[in-house]
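Student: Listed below are the residues making up each chain.
There are 2 protein chains.
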Amino acid sequence: MQLAILLFDRFTTLDAVGPYEVLSRLPGAETVFVAEQAGPVTNDVGSLSVVATRSLDQVPSPDLVLVPGGPGQAELMSDGPVHEWLRAADRTSTWTTSVCTGSLILAAAGLLTGRRATTHWLAVDQLPTLGAVIADQRVVIDGKYVTAAGVSAGIDMALTLAGRIAGDELAQLLQLGIEYDPEPPYRAGGPKTAPPALVEAMRGNIGAVMSGRA
Amino acid sequence: MQLAILLFDRFTTLDAVGPYEVLSRLPGAETVFVAEQAGPVTNDVGSLSVVATRSLDQVPSPDLVLVPGGPGQAELMSDGPVHEWLRAADRTSTWTTSVCTGSLILAAAGLLTGRRATTHWLAVDQLPTLGAVIADQRVVIDGKYVTAAGVSAGIDMALTLAGRIAGDELAQLLQLGIEYDPEPPYRAGGPKTAPPALVEAMRGNIGAVMSGRA
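Chains as they are written, first to last, in the numbering used here: chain A, 8 to 221; chain B, 8 to 221.
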């Protein structure tokens, strides 16, 4: 089973690495990092580069496609090589997936039309304008299309997918392997749980600037 | 504030990237990935490389040191350039931290003697043989030494640290930014919560092999 994780300038690292840490350990998995050009791709913060081992044309028919999000998503909303690759890969994929604003790229490429999907909570209103239907869940499965909410939700998505692909027992072993028994020190992980003033600060961009996300 | 994240062959990616995703966004943070030699460093699965932007001698006095774990930890248990760098960096660091079996490296370098610490649940018995005291918590703070349990625990550690460094409000904004409102699909994240048969399979190495961790 070939897993292709798309990289692009200013991707958010955890969007890609969270699911990678789970899915790359599935029995028989071959994981490739793919970008328009092979070589190091720099993330949104600017201090981390992951090496893309393949260019798009070298990965014509992966079994699973994963599109991370990040500020660089905004540069990938019009037709071009990435959309062409996504549409071609989607024709034969078993699973087409995204984390965070990666779903906006999938939707812009025409792959989520009429599908239930999610994205980062700050971007969720963009989904309907791209033809998708907002589903208010952390992990959304609509046929072979699986989308996760913001950044860290990719870990929950990957464990869910691992269960579908390889069974509950293996998925649980993977969870035990990464000791995923979360204990966030605050109750601030989403717009419904975080202090309302912080949610508003984030929506108003002040919080986004303060937390290095804008 | 300079954050130095150590890379080494066969590190576990999420150990490094989980905390990175939080700490690199702290106001004024400069994050560097450091290794014995600058350049791409390949992880434990073998399919992902992160670029080390600096060699050890280029980062003499970081404010925060973070040591990830992974199978490559076993090669870093005797004296050598990494231990020398860790001891030197620790002399002036504000925080010396680890995720997963990274704490075994810190302990082997002599930095956790008599200190309360944790590591991946499968490796916890090794801590006392290296002079540290086992603390059965997901994130352990003993003075400036902060250690996290396995892999995904680094995210909880980083949010805890962010609160200490920049205050609760900013830490909560960072949590909201990564939408860290976890919903694991199984209750299998630790030896106390996972089905006992799976914990035993993991301890007996069968489970570790099945889940790509051995």
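Some hints here could point you the wrong way.
A pair holds if it fits inside one copy or across any two, identical chains being indistinguishable in the list.
Here are the simulated DMTMM-like cross-link-like pairs (lysine to aspartate or glutamate), alpha carbons at most 20 Å apart as the crow flies [claimed, not checked]: (1) K199 / D175; (2) K151 / D132; (3) K199 / D143; (4) K199 / D132; (5) K199 / E82; (6) K151 / D175; (7) K199 / E176; (8) K199 / E91; (9) K151 / D97; (10) K151 / D70; (11) K199 / D70; (12) K199 / D97; (13) K199 / D64; (14) K151 / E82; (15) K151 / E91.
Just so you know, these hints were derived from the structure itself, not from any lab.
Student: Work down the list of hints and note, for each, if the structure agrees.
Tutor: Hints, verified against the model:
Taking the shortest alpha-carbon separations for K199 and D175, only the inter-copy value of 18 Å comes in at or below 20 Å, while the best intra-copy value is 29 Å. Proximity of K151 to D132 under the C-alpha cut-off of 20 Å is found in neither arrangement, the shortest distances being 23 Å within a copy and 43 Å between copies. In the homo-oligomer, the alpha carbons of K199 and D143 lie at most 20 Å apart inside one protomer (11 Å), although the nearest pairing across protomers, at 31 Å, exceeds that limit. Taking CA atoms no more than 20 Å apart as the test, K199 paired with D132 passes inside one copy only; the shortest distance there is 16 Å, against 40 Å between copies.
In this homomeric assembly, K199 and E82 never come within 20 Å of each other (Cα to Cα): the closest approach is 30 Å inside a single copy and 45 Å across copies. For the homomeric pair K151 and D175, the shortest alpha-carbon distance inside one copy (18 Å) is at most 20 Å, but the shortest distance between copies (40 Å) is not. With identical chains, the CA atoms of K199 and E176 are at most 20 Å apart between copies only, with a shortest distance of 16 Å across copies and 32 Å within one. For a Cα distance limit of 20 Å, the shortest separation of K199 from E91 qualifies neither inside one copy, at 37 Å, nor across copies, at 47 Å.
In this assembly of identical chains, K151 and D97 lie within 20 Å of each other by CA distance solely inside one copy; the values are 10 Å within and 49 Å between copies. Taking identical chains as interchangeable, the C-alpha atoms of K151 and D70 lie at most 20 Å apart only when both belong to the same chain, with a minimum of 11 Å there against 45 Å between chains. For the identical chains of this complex, K199 and D70 are neighbours neither inside a copy (35 Å) nor across copies (35 Å), given an alpha-carbon limit of 20 Å. In this assembly of identical chains, K199 and D97 lie within 20 Å of each other by CA distance neither inside one copy nor across copies; the values are 34 Å within and 40 Å between.
Taking identical chains as interchangeable, the C-alpha atoms of K199 and D64 are never at most 20 Å apart, the minima being 42 Å within one chain and 46 Å between chains. For the identical chains of this complex, K151 and E82 are neighbours neither inside a copy (25 Å) nor across copies (41 Å), given an alpha-carbon limit of 20 Å. Proximity of K151 and E91 under a CA criterion of 20 Å is satisfied intra-copy only: 19 Å inside one chain copy versus 50 Å between copies.
In the structure shown, a violation is registered for the earlier hints numbered 2, 5, 8, 11, 12, 13 and 14, in ascending order.
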